[in-house]
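Those sequence lines, one after another, are chains A and B. With the first letter of the first sequence counted as 1, position 374 gets the number 374 in my numbering; the numbers rise by one all the way through. So my numbering is basically just the index in the second sequence, starting at one, shifted up by 423.
No lab work stands behind these hints, which were simulated from the structure alone. Careful, some of the hints might be misleading.
Stated by the list, open to error - Just so you have them, the derived chain B footprint on chain A, three or more residues with Cβ under 8 Å:
hint: 1; region: 91 to 100
hint: 2; region: 107 to 116
hint: 3; region: 119 to 128
hint: 4; region: 254 to 268
hint: 5; region: 381 to 387
Even glycine gets a Cβ: it sits at the ideal position worked out from N, Cα and C.
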Amino acid sequence: MRRTARSTTLTALIAGGALALTACGGGSSFDDDEPAGTAEPGTGDGTGASLTLLIGSSGDAETDAVNAAVAAWSEQSGIAASVNVASDLNQELAQGFAAASPPDVFYASTDQLAGWVANGSLHPYASELASADDFYPSLQENFTVDGEFYCAPKDFSTLALVINEDAWTEAGLTEADVPTDWDSLRSAAEALTTGDQVGLAFGPEYQRVGTFMAQAGGGLVSEDGTEAIADSPENIEALTFVQSMLTDGIAAFPSDIDTGWGGEAFGSGRAAMTIEGNWITGALRNDFPDVSYLVAPLPAGPAGQGTLQFTNCWGIAADSSNQEAAIDLVEFLTATEQQAEFAEAFGVMPSVESAGDDFRSTFPEQAAFLDSAEFAVGMPTVQGASDVIADFNGQIEGLRTADVEAMLQSVQTNMQAVLDSAG
Amino acid sequence: MSTTRSAEATSASARSPRRSPSRRSGVRGREAAAGWLFISPMIVILGLFLVVPVLMAAWVSVSDWTGRGSPLSSTVGFVGGENYSRLLADGGLATQDFGTAVRNNAWYVFLVVPLQTALSLFLAVMVNRKVLRGRGAFRTAFYFPSVTSSVAITVLFLFLFSASGAVNKGLSYLSITGPNWFADARGVVHVLLGALGVQSGPAALTGNGFLGITWWSWISGPSVAMSVFIIMAVFTTSGTFMLLFIAALQQISGDVEEAALMDGTSAWQRFWYVTVPMLRPTLFTVITLGLIGCWQVFDQIYTGTQGGPAKTTLTPAYLSYQSSFEQQQWGRGAAIAFVLFAIIVVLTIIQRLILRERDTVPRRKRFIHPIRTGESGAVPGAGAQR
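This is chain A alone, in the form it adopts within the complex (with noise of 0.2 Å):
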């Protein structure tokens, strides 16, 4: 008898320390990332009455910008409104989704869009308000799966050319070389190369390299999101230009030069121009302030003038207990002036036209940026279409020694099997 009470002692034991192991041991951290989204409890569902808005902020000036705008909306409509900032936000959204209690408005990306308009959980709701000819079609077009149009653009950025204006004069070069196509760039490029500075750095992705792609007439995916294109020959040629400035050593990655970022690469002088988009001059501003530099479009390729733009939107969720006070919300948020504010605090590009003008005379050394909307091209949004990228940016991160052919052909694949399940 005293054997049992012992060994159940014993078991009981061992099974506690082996919990304990698996805590120490194992090393995975799932269950610590305490949700910042659930840090206020009680505001939000149940009563209906008030409203929840999960963001993923850039920093304080987002957040703070966020906050007063939300208030200054409670204060004029009367319904409680509060702001969680996410760490994580695809997985806080993740697992609000999943509780069926999702935060009611939310910070959407393009690549998440499509997965979350799959399983239902995003209230179709932009083309209701009252604004939603004045966005710009490029981002509408953005945000609409099959024929619906999801949410409102929150703000937007483009891709463009970003000059030190010293290493210019430097070099000799004057406006008139400011590159406008390929060969000047080139030209530019090779100029502004010197000992330890080299022409031009942008990150080893697509989100970068992609704009020489559209340059050339290239994309991942065609116009009627059908099929994939990644083996075009004009996506060979934009990749083997790319991959010429590399080996000549005219262009580089930030990593080749001890750096993290494009915009790092500039600021500290290893790079004397950098393919970024309008956040640069935040960072510059904050990091590097002593850097004189000019904004240009990028310059054209073979068909015409291309770059990439990246935009999030307003979610609201279709579980949302109160819709309604959402859209109202969101109408706010997006309203002209709105915008103009955000764009003065945190300095993001309006996502409406009325906004633009505006945006010029606040931001005269960014308008490069706003005029590249016109010729920007989107990220595919088929779900999938995110991995598929990611594993273009893992190839493109050898694209100096890469078999271009067989690298677009292996993207070509993938894309095709991404498109025809999405189907």
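Fit chain B to the given chain A structure using the hints.
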């Protein structure tokens, strides 16, 4: 994965008191109730937070759940082994990603487990020596990385191994140009082969493959970036395992050592034929924990490289997270977790078979051999001992 073991252990402990009342009646019967009462918190907690989630994950892995609402709701359909076949047989991007992740992690395990076991045993033997001064200080120093948060250490390593970081500075004094560690996707084996003039593999290796990637990619070795994680894992975990070895070493009584000494053994022989065999249970524990921990590596990847450069630090655990939370492929994410579970269980069983205690000493081990020369027979001194 060891969580399942603990769950089984608990249910085993739950069973034993239930059997007793059938044999003993009366006053003993109430002990069973008390037993249940005492273990019920554990059963409830484990059931609620381990068994139920594991079962739900198993269901998700064979369902088409899209991440909205409960996976048990009526709108979620059963898709059989589709998620698994996508992962293992399809040859598409999902298979390639999984193959890449398994490749990366297999190299990680292959290097980390032996290295950390050897290093922790070495450290334990060193700090266990009575002649060593300031043993406590050494023990604390070696154990310190284990109590530091892995996120903090990862960030530290990101700085140390950056292109112009301290490690490369140190190498530059030796006139070595260090690689750009965390951005270097080249496999170490490929680099070594490249140095020998082998730039691309034979057609037999590049033409065929397994899990969507070629055999040539399988043997690429860990990328330079992954090698940093390997160094880091050895650095952080060997302290923990050193502690286990120290505890085991202190269990070995001094007379065993003295007896071996009287038999005229050398220090190496005493270590290899006396100490190490007596450490076998601990060795088993250390290797099992090492295997499990290494196959589940996640936090370093999540904070450090997120799978880059060129997916060479992608691991199944991180891929599972990414598929589920970033790509809304919940079924695939769960399937990855279960395949990972299977890998760990199979490897643990294999390791158990190799390290199991045999009742009889194998014939070739009955005599003191200088090294395990196998069947050579011409072991010097073997005849004399007979």
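Here is how each hint holds up against the structure:
Check on the region 91 to 100 of chain A: 5 of its residues sit with their Cβ under 8 Å from a Cβ of chain B, so the three-residue criterion for coverage holds. Here's how the region 107 to 116 of chain A fares: 3 of its residues keep a CB closer than 8 Å to some CB of chain B, so the rule of at least three is met and the hint holds. Counting residues of the region 119 to 128 of chain A whose CB falls under 8 Å from any CB of chain B gives 3; the rule of at least 3 is met. With 3 residues bearing a CB less than 8 Å from a CB of chain B, the region 254 to 268 of chain A meets the requirement of three and the coverage assertion stands.
Using a Cβ-Cβ cut-off of 8 Å, 4 residues of the region 381 to 387 of chain A lie near chain B, which meets the minimum of three, so the contact claim holds.
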